[in-house]
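In the working numbering, each residue's number is its place in the sequence shown (first place is 1) plus 1.
These aren't lab readings, by the way, just hints derived from the structure by calculation. Cβ atoms here follow ideal geometry from the backbone N, Cα and C, with glycine treated the same way. It is possible that part of the hints are untrue.
Under the rule of at most 20 Å between Cα atoms (straight-line distance), these lysine to aspartate or glutamate pairs were calculated in the EDC-like manner [to be verified]:
id : residue 1 : residue 2
1  : K129      : E100
2  : K107      : D145
3  : K129      : D145
4  : K129      : E52
5  : K129      : D42
6  : K107      : E139
7  : K107      : E52
Restraint-style ranges between C-beta atoms, simulated for each label pair [what the hints assert, rightly or not]:
id : residue 1 : residue 2 : range
8  : A13       : T106      : 23 to 33 Å
9  : E52       : S156      : 26 to 36 Å
10 : A46       : L11       : 52 to 62 Å
11 : S5        : D42       : 23 to 33 Å
12 : N49       : D149      : 49 to 59 Å
13 : A13       : G77       : 16 to 26 Å
14 : S78       : G131      : 35 to 45 Å
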Amino acid sequence: MQSSRVSRGLVAGLVVVALPVLSSCVAVSGSQTQEPYTPSDGVWANSNGLELRNVIAVAPRNGEATLVGTILNNGGSADSLVSVRVNGARTRLGSAPLELPAGQTKQLGVDTSLGRAVPASLEGSSLKSGSTIPMTFEFERAGDVRLDVMVVPQSGYYATVPAPSDAPSPSHTTPAIPG
């Protein structure tokens, strides 16, 4: 009986000593759950109430791509996407400016459960599968948002993304910007 009390006392003492040591590992290690990250190939950014999510360029072949992504307007007032600029490439957006009412979501390139997509296509020699291209989204109120967007092939997970030539004809073309 005496030895079982001693054993319980030792176990309790070890727990009291080990708990602070073991729990401090999380505070020092910088666990990934403490850092925001994008669990996909697409990139994201926030600017003045607007959230760009999972922005990516899907290329059926070098030189052209469909711009895919989601824009959420969580701000208190409407905004609009005036243009998308890519160095050395021409962009076409289904309707420009693209109206972004407060509290609503717009899809680019691919229809989703969130709604019908606005056709968005890119053309230019800088669009090569595996590359990353600097892209600037110009908003009327939120200003410019710059992203480094990855260009992926139209295969695997992205096989069903429509090629730019398969999308409805956009009504607005942004001229190429030298660079």
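- Would you say the C-beta atoms of A13 and G77 sit inside 16 to 26 Å of each other? 56 Å, violated
- Item | Restraint status (C-alpha distance of K107 to E139 at most 20 Å) | At roughly 15 Å apart (the allowed maximum being 20 Å), E139 and K107 satisfy the hint.
### Query
Keeping to a limit of 20 Å between CA atoms, is the pair of K107 and E52 held or broken?
Holds: K107 and E52 sit about 11 Å apart, inside 20 Å.
Would you say the C-beta atoms of S5 and D42 sit inside 23 to 33 Å of each other? 59 Å, violated
**OP:** Mind checking the alpha carbons of K107 and D145 for me, to see if they're no more than 20 Å apart?
**Re:** Measuring from Cα to Cα gives roughly 18 Å; hence the hint holds.
Report task. Starting from the range 26 to 36 Å, see whether the pair E52 and S156 falls in it by beta-carbon distance. Result -> 28 Å, holds
Practice task
For the range 52 to 62 Å, tell me whether the beta carbons of A46 and L11 fit it or not.
Solution key: Cβ of A46 to Cβ of L11: about 55 Å, so the range 52 to 62 Å holds.
- Item | Straight-line alpha-carbon gap K129 to E52, limit 20 Å | Outside the cut-off at roughly 26 Å; violated.
Between N49 and D149, does the C-beta distance stay in 49 to 59 Å?
-> 20 Å, violated
message = With the threshold set at 20 Å, check whether the alpha-carbon distance from K129 to D42 stays at or below it.
response = Holds, at roughly 15 Å.
**Prompt:** Per the hint of 35 to 45 Å, is the separation of the Cβ atoms of S78 and G131 within bounds?
**Reply:** 39 Å, holds
Starting from the hint 23 to 33 Å, judge whether the C-beta atoms of A13 and T106 obey it. 55 Å, violated
Violated hints for the displayed structure, listed by number in ascending order: 1, 3, 4, 8, 11, 12, 13.
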